[in-house]
Amino acid sequence: MQHHAADGASGLHFINTWSDMARGLDITIPPFIDRTLLRARDPPQPQFPHVEYQPPPTLKAAEENAPNAETVPETSVSIFKLTRDQINTLKAKSKEDGNTINYSSYEMLAGHVWRSTCMARGLTQDQETKLYIATDGRARLRPSLPPGYFGNVIFTATPVAVAGDLQSKPIWYAASKIHDQLAIMDNDYLRSALDYLELQPDLKALVRGAHTFKCPNLGITSWSRLPIHDADFGWGRPIFMGPGGIAYEGLSFILPSPINDGSQSVAISLQAEHMKLFEKFLYDI
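Heads up, the sequence shown is in the UniProt record's numbering, so the first residue is 1 and it goes up one at a time.
Careful: at least some of the hints might be erroneous.
Stated by the list, open to error - Listed next, the in silico EDC-like pairs over lysine to aspartate or glutamate satisfying Cα-Cα at most 20 Å (straight line): (1) Lys-91 <-> Asp-180; (2) Lys-60 <-> Asp-180; (3) Lys-93 <-> Asp-230; (4) Lys-169 <-> Glu-96; (5) Lys-280 <-> Asp-97; (6) Lys-93 <-> Asp-284; (7) Lys-169 <-> Asp-232; (8) Lys-95 <-> Asp-165; (9) Lys-91 <-> Glu-279; (10) Lys-60 <-> Asp-261; (11) Lys-81 <-> Asp-284; (12) Lys-60 <-> Glu-128; (13) Lys-204 <-> Asp-188; (14) Lys-81 <-> Asp-261; (15) Lys-169 <-> Asp-97; (16) Lys-81 <-> Glu-279; (17) Lys-93 <-> Asp-165.
In case anyone wonders, no lab produced these hints; they're calculated from the structure.
Start from the sequences, fold in the hints, and give me the full structure.
The following block contains the structure:
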């Protein structure tokens, strides 16, 4: 589904309602179509610099190792499954070295993916890296949007760190950067983002693509809380649901288990030469 029209939550609302109707069931939550709920204030009043819309860091590479500007590195897409026990082991690492903050399983997994990607790419110690985290604004806005709101309510949390810190410090350090950035994504910040966008003379300049997520940066979209396995058109639940393809190097997805066994999978696109190392570091928990 084109994300100009709807995000994952709205798209799945449509698909799952469609599947219910195919089985003769009634619509339980009708779509709520009123885009004015996400319009900017008048006049717009942005209160934050909104680093998420600023250009991403560029790769610092030794001249002899820098790829030819006309050369596009070969990319590879893989899916890696992490069991419930592996997720729990990763979560337990939030208590290492005297840390007292109980980071969530998602924050620890996303931080581990970010850290593992930096290591697989062989980033220099002083290389800045930005993580783009798709963040649903439905429950963060005040008042929260009504059930069934149909549209795109995805904002972006963008923690920035130095690769050397991510690689040398415990996994929970990466999780802390994610935690802190997600914490500021409240109603004030999201309303400010809407106002910031309203004031931009050319929104095309903010469109994300291959240049956004490529090395040394990364994008993570979590589908863990989305009902991606609920569509039943009459012959049962799906045995797999995931991205049909990953368009850009450096873009990744976290997928829930189709059988609710507590496992999660990471689908990711990286340069082919980095994928084996990423697998090694990902499973080194």
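Discussion item. Checking each numbered hint in turn, tell me which of them this model violates, lowest number first.
Written reply: Hint check: 2, 3, 5, 7, 10, 13 fail, others pass.
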